[in-house]
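**Q** Here are the chains, one letter per residue:
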Amino acid sequence: MEGKGYTYFGEVFDRIVRSRRSSQSAFARKAQALGYDYTQSSVSNWVRGVHGAPRDLPTVADVVYGLTEEEWEELGLAYAYGQRLPTKEDLEDIREFREFYRRLLESERKASEGIVGEPGEADREG
Amino acid sequence: MRGLRVVEWGFRNKRMEGYFARDFDMAVLAVQEDLRPEARRAREMEAEGYDERPSAFKWRQKACYTAANVLEVDPDAVRALRPRIEREQPEWVERVKDEWESFRDVESVAFWAEVPIQAVVAILLNLEERGELLVNDDY
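Those protein sequence lines, which keep their order, are chains S and U. Following numbering that gives the first Met the number 0, the numbering of the first sequence begins with 0 at its first residue and continues without gaps. Following numbering that gives the first Met the number 0, the numbering of the second sequence begins with 0 at its first residue and continues without gaps.
So that you can see chain U by itself, here it is in the shape it has in the complex (with noise of 0.2 Å):
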């Protein structure tokens, strides 16, 4: 790994949260201005991803927009989360799991526990992998 630089830059797009780029020297994530922490930090992690496994990414750029639902979820942004993101933000998952309990949808829990969609996606898809995710509601 080259490392991964991190720079703000003004999209005009304000859905475009990032843009990520490993075919220069050192790889390098562009993240919106102004973005809010939670969406920054997912975006953030999500470029370690891509930068560590470039074998499992194999494309040399990457631009990536906020979801507005589970549909618009980016699979390679869920990919390249998931190895990271309990060891990187535990507290992410106690919430996802506590709004889990209570809706049963990603876009509900995303919207109340206040992780980003594609992290709360990560997040559930590790928990069912473990047979740890309620999924009836008999529980």
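Bound-form chain S, shown alone (with noise of 0.2 Å):
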């Protein structure tokens, strides 16, 4: 995406879409088909920071496109960060302390039903 000027978001929504064959105009087709008043203008300026996008995006996308588990997440943090502060520095920040947390509900599930964690496994609770 670099030379496209895309937000992170915009990467990330753009990956997607690409992935799907598609575009940002059919899918700007297939949202106003669903009820959505985007259009392909909108959905450009959404993925290049110009206006930010509408609240419900992520979903209308996991409706047109079906988005994986890893997908959804994805969208769903470049949407909260992507379009304000696209660093990456808080964007690993973000995905080091997610894969902390669910380690640490991991290992305490595992405790509660008598399971024998790894030594060492979430430890930086504060």
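This list has only true hints and no planted wrong ones.
Cross-link-like lysine-lysine pairs, in silico, DSS-like; alpha carbons within 30 Å at most: (1) S:Lys-87 - U:Lys-57; (2) S:Lys-87 - U:Lys-13; (3) S:Lys-29 - U:Lys-57; (4) U:Lys-57 - U:Lys-13.
In case anyone wonders, no lab produced these hints; they're calculated from the structure.
Dock chain to chain to rebuild the complex, using the hints, since each chain is given by itself in its own frame.
**A** Printed below as a string of structure tokens:
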């Protein structure tokens, strides 16, 4: 996406669109068919950060493309942060925290079921 | 409500005061370590507001950044704080009222009252809604 002037959110969204062999205009048409007031121009503005994307965009993308769990998580993350402060450092830290917290919950679940976890697992809780 | 867990985390960006996620079995607030107590308390109350009203805040994750001025204040943070701030931090309300009488601008009130700016906005909006906010100089 370098050179297209996309925000981080725009990069993630565009990658999903292209992975479906679709396009921004095709997405806009499908969204319109669902009753959303999306146009190719508005989608283009959202991915470039000219205007903030609407809150329902990730949900509409899920309806149109049937996002995988990984895609949904990444698009949600990019939507939440990629429009305003697209720093890779923040996103890396958030991903690291999410991985930590996922492991923490998993280790607690195992402990509650009497399963012994790995030493040092999830040891950064404050 | 499933309960909210608070975990300290060392985000490299010190302007990032917190990160809230509800797409786990238990909602979580990762709060920047070494945050001053007022800032941390404000983020905790904000996260409690998000956790209690998922239909009002439809996203599943949110990063919370410190605001340098009123224009940078996150409207969602204010919405989350307004219903609970007077009940949970009545002393903040009094401090904001006192400083508002002198300054009448949000940034100055936040500085002198030592209350996070998003909480100041929430308090002032509540006061305004009830007609309790002095807005003219001829009071």
